[in-house]
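Single-letter residue listing:
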Amino acid sequence: MQDDEAMDQLLKTAFAAEAPRLSPAFDARVLRRVRPRHLAPLGRLVIAIYVVIAAAGAVWLMRDLPLESIALAATIGLPVAAGVGAYGRRLAVDG
Amino acid sequence: MGAESSSYTDRTDEWLVRRCSESDDEGAFAELVRRYSNPVFRLAVSILGQEFAPEAEDVAQDVMLRVHHALRTFRGEAKFASWIYRIAFNHALNVKARARYRAPHVSDEVLTTEPSDDRGPDDRLEADRRQKALLASVHELPEVYQSALRLHYWLGASMSEIAALLDAPENTVKSYLHRARRLLQAMLAERGYDAR
Numbered sequence: 005m006q007d008d009e010a011m012d013q014l015l016k017t018a019f020a021a022e023a024p025r026l027s028p029a030f031d032a033r034v035l036r037r038v039r040p041r042h043l044a045p046l047g048r049l050v051i052a053i054y055v056v057i058a059a060a061g062a063v064w065l066m067r068d069l070p071l072e073s074i075a076l077a078a079t080i081g082l083p084v085a086a087g088v089g090a091y092g093r094r095l096a097v098d099g
Numbered sequence: 039m040g041a042e043s044s045s046y047t048d049r050t051d052e053w054l055v056r057r058c059s060e061s062d063d064e065g066a067f068a069e070l071v072r073r074y075s076n077p078v079f080r081l082a083v084s085i086l087g088q089e090f091a092p093e094a095e096d097v098a099q100d101v102m103l104r105v106h107h108a109l110r111t112f113r114g115e116a117k118f119a120s121w122i123y124r125i126a127f128n129h130a131l132n133v134k135a136r137a138r139y140r141a142p143h144v145s146d147e148v149l150t151t152e153p154s155d156d157r158g159p160d161d162r163l164e165a166d167r168r169q170k171a172l173l174a175s176v177h178e179l180p181e182v183y184q185s186a187l188r189l190h191y192w193l194g195a196s197m198s199e200i201a202a203l204l205d206a207p208e209n210t211v212k213s214y215l216h217r218a219r220r221l222l223q224a225m226l227a228e229r230g231y232d233a234r
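So the sequence lines, in the order shown, correspond to chains U and L.
Residue numbers for the first sequence follow my numbering, beginning at 5 and rising by one.
Residue numbers for the second sequence follow my numbering, beginning at 39 and rising by one.
These are calculated hints, taken from the structure and not from any lab test.
Only a predicted model underlies this, so the values are computations on that prediction, with no experimental measurement involved.
Any given hint might turn out to be false.
Calculated lysine-lysine pairs in the DSS-like style (CA-CA distance at most 30 Å, straight line) [what the hints assert, rightly or not]:
hint	chain 1	residue 1	chain 2	residue 2
1	U	Lys16	L	Lys212
2	L	Lys170	L	Lys134
3	L	Lys134	L	Lys117
4	L	Lys170	U	Lys16
5	L	Lys134	L	Lys212
6	L	Lys170	L	Lys212
7	U	Lys16	L	Lys134
8	L	Lys212	L	Lys117
So that you can see chain L by itself, here it is in the shape it has in the complex (with noise of 0.2 Å):
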């Protein structure tokens, strides 16, 4: 078994989806869930965002499902990894349209740490009032731009995994992550916050 398994994972994605294609063969399937379903997890996450964090599970699972039905007509025109994360932003981008009706899990607040006690009570609130007024922003910006930041900021991805998610040049990441923070530096600006 251990032979068999480390026979999996020295091959290439393609030999894999080869494999599962033309023989159902479950050990290659195995290997691609397990190379792929962390990447998934974390894309999904990055687009439905703290609120509906909980529902990231599920559509990672419901990918893995499309993609095991879909394998066959998978006719290596693209990388496997940019299809399934094609599969995945898209999913997931439905299923936000579809969660936004109904009530949040969680509250954005849960995202932000504990306010530190070093500071009057005064400046507690200002900063809570801007960190609600931030969050509030990030939800307002373009979807590729939201995933990009909860990618960097929340799950700590480095570029070149953003990158890889976002199907997307490591400097156009480093740009949508640019433009994301001068958009909220407006966008606070607006709402009579600086960004200092």
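Isolated chain U, as found in the complex (with noise of 0.2 Å):
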């Protein structure tokens, strides 16, 4: 019993550093995270605008070339490209 208070004793010393707390802002960095986001009608217009300008300027560098290389292309670029774009979508998330 004694060594049991003595030990009890010995932790409580031990022990004795202020213990860390949770940083104010944190219930408010969660609730960030976890909205979904939705771009600003102006985001919006611009990724249209640079949709329409990125289909025009391939549809026009590639107007001399064969059907075959126009597949090809495509069938990596778009991939690619929809890749990347759900990889900066989940960056816009989670950031």
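Put the complex together from the two separate chains, hints included.
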């Protein structure tokens, strides 16, 4: 019993440092992370203009290429573009 | 806004969980975060220990995000509190296991207070050595004993709070603490120190 009390005292001394605390902004940070993000109207307009210009540019650049080359470029380029887009969206949500 | 938030504070966990899973109610989830962020953080700190305490806030955040994703699958078979604490306990254990491969952030010594100056240098040295041996011995205890010890002695948690966090009856928590002290006495004796 005496040993138990001595150990109790020893532990109180050993664990006497101040305990860490949760930062005050924690709740707000968590809620920001779970909130779905939507692009502002101006952002959507910029993306739409970019897509139209990029598509027109690609068509113009490939106008003289054989059909097989266009198909090959589309086969590689479209999945890559989709992947990069998805990665970008994930970064935006996680960020 | 005030009336709206007070309508959440009066609600049970079960009601809030149902609101989150059925209608993605952000206010209901905010109330769950308000209720559980601090207990989850304290549980994480108690498992990670002093060396890895800086990771505890990340663990608490991960737990909240996991809970948010998993609320739709929560069937209510267990109490929400038990469920979230179980997620936190397991996640903190995984983080601790990974963190052990890295160098510790801080030494065990930061936990202790400065030795009092009314003792002689030999006594102080002896007390410091015993303190280090004690903290090293704590690391060798079963995880649940370590967690109970840190919650009780370091974080100042009440028996009822420890019981809730570890999902165990209060008598079991008292028994964890008693057995932990007995084991520590034996470990200290093995290292050539007396607890008194």
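> Against the structure shown, which of the earlier numbered hints fail to hold, in ascending order?
Replying inline: none
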